[in-house]
Amino acid sequence: MPSLDYQRLGNFRYAVITLIGDDGFPFSVSTDFKILPDKKIVLQKPAWPSKLDGKRVNVLFNHITGLPGGGYGERRYMLVWGTTHEDRGTLRFEPESLSEWDEKILAFDQYCAKCAPQGAKYLGTLQASVEA
Amino acid sequence: MPLLPFYLPDSGKFVVTSSILFSKKAENVKKNPKVSLLFSNPEGSKAGKHAVLVQGIAHADDSDLDHGWEKYLSYWRKKEPYIDAYLAEREKFGWFWKRIVVQVEPKKILAWKNGDTSQAPEEFGA
Chain A
1 MPSLDYQRLG NFRYAVITLI GDDGFPFSVS TDFKILPDKK IVLQKPAWPS KLDGKRVNVL
61 FNHITGLPGG GYGERRYMLV WGTTHEDRGT LRFEPESLSE WDEKILAFDQ YCAKCAPQGA
121 KYLGTLQASV EA
Chain B
1001 MPLLPFYLPD SGKFVVTSSI LFSKKAENVK KNPKVSLLFS NPEGSKAGKH AVLVQGIAHA
1061 DDSDLDHGWE KYLSYWRKKE PYIDAYLAER EKFGWFWKRI VVQVEPKKIL AWKNGDTSQA
1121 PEEFGA
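Note that the protein sequences, when read in sequence, are chains A and B. Under my numbering, the first residue of the first sequence is numbered 1, with each subsequent residue one higher. Under my numbering, the first residue of the second sequence is numbered 1001, with each subsequent residue one higher.
For the record, the hints were derived by calculation from the structure and aren't laboratory data. If you're wondering where the values come from, they're calculated on a predicted model, not measured in any experiment. Among the hints, a few may not be true.
Mimicking DSSO-like on lysine-lysine, the simulated pairs with C-alpha atoms at most 27 Å apart in a straight line are [as the list claims (entries may be wrong)]:
1. B:Lys1078 / B:Lys1024
2. A:Lys34 / B:Lys1113
3. A:Lys121 / B:Lys1025
4. B:Lys1025 / A:Lys55
5. B:Lys1078 / A:Lys55
6. A:Lys34 / B:Lys1078
7. A:Lys51 / B:Lys1049
8. B:Lys1113 / A:Lys51
9. A:Lys114 / B:Lys1092
Chain A extracted, bound-state conformation (with noise of 0.2 Å):
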């Protein structure tokens, strides 16, 4: 995976883990974290759901900035997969990989050029299934 870049990701305040629930719905729960000297990333074990050893989730961290005439400064966020393992009350997170975005790294407009693949697979798909 890219590398997780521990510095940054410790700029974050809180974390929102989100996994596949038994109704097969996403359910995603915001909780607080903390990385350990080891690079270990430790979450705190949300009340719900109840068992989250062991499970395949994406864990958000993410920061806006709010703009005194509106909208958003500072974007970015990181998305990692892993697994948690319960951990004495805590959440142990093994990450195994990673898409971001900090806007003050990578501008918008060079996000976008970026992301032109994504666009292109996506009209490429739309257009078999007019041809279809």
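Given the coordinates of chain A, work out where chain B should sit on it, guided by the hints.
Then chain B, alone, in the frame of chain A:
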């Protein structure tokens, strides 16, 4: 993923518009329409410290990528007034303005008072 949702009071649905550049979520909705929207960041949700999870059925409409989303522009402008500057450069950001409309019909709502997720959420049928 962080998103900018709009609530439609007349229908009780939520709407998200997504550029084809960031269309993975729309692809996923077509495969599995079960989705959730979490409002947990007070900066964006305007729900105070409370956290609210909306679970629902999503429908992705890409029948008019160039204009189908425009009916929601007034909602968007209220949340991000500077969007007009990007609109003025519509040709420069051509594919950004090819947008899929995703409507979410709520089925279940879960809420954590004061965002206290150490407690089980309250559940409401939609």
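Going down the list of hints, with the structure as the test:
For the hint pairing B:Lys1078 with B:Lys1024, the CA-to-CA distance comes to about 26 Å; that is within 27 Å, so the pair holds. Distance restraint check for A:Lys34 and B:Lys1113: the Cα-Cα separation of roughly 23 Å lies within the 27 Å cut-off, and the hinted pair is therefore satisfied. Between A:Lys121 and B:Lys1025 the alpha-carbon distance is near 13 Å, which keeps this suggested pair within the 27 Å criterion. The hinted pair formed by B:Lys1025 and A:Lys55 meets the criterion: a straight-line CA distance of about 21 Å does not exceed 27 Å.
A hinted pair counts as satisfied when its Cα atoms are at most 27 Å apart, and B:Lys1078 with A:Lys55 does not qualify at roughly 39 Å. At most 27 Å may separate the alpha-carbon atoms for a hinted pair to count; A:Lys34 and B:Lys1078 exceed this at roughly 35 Å. Between A:Lys51 and B:Lys1049 the alpha-carbon distance is near 25 Å, which keeps this suggested pair within the 27 Å criterion. In summary, the hint linking B:Lys1113 to A:Lys51 is supported, as the alpha carbons are separated by about 22 Å, within the 27 Å threshold.
Distance restraint check for A:Lys114 and B:Lys1092: the Cα-Cα separation of roughly 15 Å lies within the 27 Å cut-off, and the hinted pair is therefore satisfied.
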